[in-house]
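Listed in order, the protein sequences are those of chains A and B. No gaps in the numbering here: position 166 of the first sequence is 166 in my numbering, and each next residue is one more. No gaps in the numbering here: position 187 of the second sequence is 1187 in my numbering, and each next residue is one more.
Bear in mind the hints are in silico, worked out from the structure with no lab data behind them. A portion of the hints provided could be inaccurate.
Unchecked claim - Label-pair distances were calculated between CB atoms; the ranges are:
#1 B/W1429 <-> A/T198: 14 to 22 Å
#2 B/L1533 <-> A/A107: 21 to 29 Å
#3 A/W246 <-> B/I1091: 52 to 60 Å
#4 B/A1529 <-> A/P226: 58 to 66 Å
#5 B/E1089 <-> A/S48: 56 to 64 Å
To be verified - Facing chain A, a subset of chain B residues (Cβ under 7 Å, in silico):
#6 P1319
#7 E1489
#8 R1492
#9 L1495
#10 E1496
As the list claims (entries may be wrong) - According to the in silico footprint, chain B covers these stretches of chain A (three or more CB under 8 Å from chain B):
#11 65-72
#12 193-207
We put the beta carbon where it would ideally sit given N, CA and C, even for glycine.
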Amino acid sequence: MRVRPLRIRVRHRRLAGFVVLSAALFAVGTGYGLATEHTGAAAAGDPSAQIAQGRALFLQGCASCHGKAAEGTANAPSLIGVGAAAVDFQVSTGRMPLAQQGAQAPAKRPRYTQEQIEALAAYVASLGPGPAIPGKEQYTPPKNADLAFGGTLFRTNCSACHNFTGEGGALAYGKKAPPLTHATDRQIYEAMLTGPGTMPVFSDAQLTPQEKQDIIAYINAVRAVPDPGGFNLGRLGPVTEGLVAWLIGMAVLAVVAMWIGARAKRAQ
Amino acid sequence: MTSEYHTAVGADGARGDGRADGRVPAQVTRALTEVDERFGTASFLRRTLNKVFPDHWSFMLGEIALYSFVILLLSGTFLTFFFRPSQQEVIYNGSYTPLRGIQMTEAFDSTLRLSFDVRGGLLMRQIHHWAALLFVAAIIAHMCRIFFTGAFRRPRETNWLIGFTLMTLALLEGFAGYSLPDDLLSGTGLRIAYGVAESIPIVGTYVAEFLFGGQFPGTDLIPRLYVVHILLIPGLLLALISAHMMIMWHQKHTQWPGKHRTNDNVVGAPFFPAFMAKTGGFFFSVFAVTVLLAAFFQINPVWLYGPYDPTQVSAGSQPDFYIGWLEGALRMMPNPETNIAGHTISWNVFVPAVLIPGLFFTAMAIYPALEAWVTGDREIHNVCDRPRNRPGRTGLGVMMISYFAIMLLAGANDLISVHFDISLYTTTWIFRIAFLVVPPLAFLVTRRICIGLQRHDLRTAQHGYETGRIVMLPHGEFMEVESQLPDEEVARMGLEYRQGPAPELPPPVDEHGVRAPHTRNPLLKVRRALGTLLYEPELPEAREAARHELPAHGVRGELPSGEDREEAEPSRRG
Ligand code: HEM
């Protein structure tokens, strides 16, 4: 029996997603473009308006921890030079603004709209040079991305923390590498670019943009791969398998043994 | 011959119910006669068919192991048709796209082919692996049954040792099989095994290189493991299982205490037809459960793990549960190393992965001898102990289980950390402390609970159940009506088989000023110390209860009467 190559199926589903997403983004983008164009010559083409908006948002929501000029405080690091990509990653995954000091900022529902995030990013970027928000063509893996090579890169560079199935893992001091089940392509790319928390930065010298795309393609493929063996038990490996062996397998057999024993007794 | 067969059964059947002819249908008898005329098997078959088996469910645990072994042989043979035990590098071009074009060993390549391109291959792999988990789990459960009921005592010490060896071999067999696909997860396990071998002082490096055929990973390992996995250990298992069964057959099962059940008989169902139907049905149940697990629950998805590469280690790498406790021992261990004359001894690996398992397994192997030595009990025992009637032994058993459970949990500490939101280092410390504190506590608590249950049994046996009905006697006294227990139930409590208090010792110094041997001889001192664990401690209630000791219980030792539907095999030496 030959299993139909997965790539085709995976691609189809992703492609459909992209078509819809691109259409939506295009519509929003054009609408936003048109709107800003009409709100005044000053804002259009003038990044300072966006920066000003970002600064206002920053003073409201972030300055209490990061300082009025993002210079950092005892509670939070300086954001000068972290770049727009870091802000986009942190705020779009809901990590920032931080709700509560803890071992590490948890991802949650984002508090800001994409427009506001971009304004915040523009403001932080204006404070010092850093990685910019990657463009769509940069983070979207091409159709012919090398999935298998991406897998090898993933196992070499990422699985030590995120686990080979991307289910996440524990790190020292209460920190953890989150499961890679939710992050969007852009967020994955930005995570590699900016190295949030304890995650190392994977600069373009370490992983070329193309290799980053391969990794993203692999992460997406593994997420989409159906589990041919049945219920995947959380893809957690031998731990859940052992639990099932005892709590289902042995338990059922013990009950069967009791039942047969009871029946045999009655039948005698 | 026909008549001889009938007479033989008749003579035997005359013991209770005279069901000889009714029990074995005529067709069967005729067929057997045919066989017997040629091979003279009648007397063997007669004994076989009339063999009596006790019917408690816990006696079926060993059968789960036996039947899973059969499933392993069958499914494993299927796998050998397609699996290629070679570490030759090839480029994968099968149908699992996310790995296509990658270099990998033939072993991994053929496992992927089995999973995706061989019809029924994935199901067979999953059946094989689930059966392996059930096999080991059943062996462990079976071993616990033997331990807690004292079924390892004379005359069954040999079978305990064989069973222990089977368990150890099963662990090795599982580990070898699990390593065969050469995926990233199992390769990580082999890497650890290499390190463990290396950690043995002085000879470690040589041992490791000898076992692995040179530096890790080398190219000899998978072929060697293959021979070990499909030939060497299965052969040993087969031989030892046969010996195990034959000895068991000869010695007959132990049985729970009960009315008419003695050290000299077996009460239960005859092999044919009752036990045969039962065990046959059970075989199919084990088969069904294994196949259902394999059909609905994915196991060891090696394609998600990827091929082994020594430069890669993933988070959340755990071995199968039967090796998981070793992983846990390694994870828990603090990190001391010493350097003697340029030679490093890695206590951090040697202690948890060689020393502790060595000690624990030795303790398990010699336990029957140890207990007999401490208690001086050399009697033949065919009646099981109820766990509560041996508080010390039961406590030790629970203590051992808790050691393994804690190690096993520690082996999953990263998953526990992530999924229960506990810091990784906190889990390590919790497990370290638990490893030292919980097992001794488990011993004490279990022993105390057993004693409590025993006292409860004793009270119920003496006074019956409280009915809650209060009556006033003519002279005005109130008393509660108690309902006496039927003999049957009292017999089932097995109270006469209880562990007694420690034997009296002579005074440490006699009237001539000579010190008694048990205060001088260190071996006797050890024996005495172990005795304090095994014997019942001197609780006030214990002394109290000893004063109201039960009179020897009525009818025990007699054979069942005709209308008892169960059958007894009178002789243990048949
Ligand atoms: C008796 C106890 C046995 C145990 C505990 C055992 C256990 C295992 C385990 C855990 C695996 C890994 C399966 C996986 O890939 O998920 C395995 C693989 C394998 N076993 Fe066994 N096995 C046993 C007997 C046998 C026998 C008797 C044979 C052959 C006659 C056999 C042949 C194989 C082969 C060829 C593989 C590798 C195939 C593959 O993983 O795709 N096994 N075994």
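Results of checking the hints against the structure:
Separation of B/W1429 from A/T198 is about 21 Å and conforms to the stated range, judged on CB atoms against 14 to 22 Å. Look at B/L1533 against A/A107: about 52 Å separates their beta carbons, and that is not inside 21 to 29 Å. Our hint of 52 to 60 Å for A/W246 and B/I1091 is violated, since their Cβ atoms are close to 40 Å apart. Take B/A1529 and A/P226: their Cβ atoms lie about 60 Å apart, and the range 58 to 66 Å holds.
With their beta carbons about 59 Å apart, B/E1089 and A/S48 fall inside the hinted range of 56 to 64 Å. Below 7 Å, beta-carbon pairs count as interface contacts, and B/P1319 has one with chain A at about 6 Å; its hint therefore holds. Taking 7 Å as the C-beta contact cut-off toward chain A, the hint placing B/E1489 at the interface is violated, the least distance being around 16 Å. Interface hint status for B/R1492: violated, as the beta-carbon distance to the closest one in chain A is roughly 14 Å, over 7 Å.
Here the hint on B/L1495 is broken, as its CB sits about 24 Å from the closest CB of chain A, past 7 Å. Because the beta carbon of B/E1496 sits about 25 Å from the nearest beta carbon in chain A, more than 7 Å, this interface hint is broken. Look at the stretch 65-72 of chain A against chain B: 0 of its residues bring a Cβ nearer than 8 Å to a Cβ of that chain, fewer than three, so the hint is violated. Counting residues of the stretch 193-207 of chain A whose C-beta sits closer than 8 Å to any C-beta of chain B gives 0, which falls short of three, so the coverage hint is violated.
Of the numbered hints given earlier, the model fails hints 2, 3, 7, 8, 9, 10, 11 and 12; all others are met.
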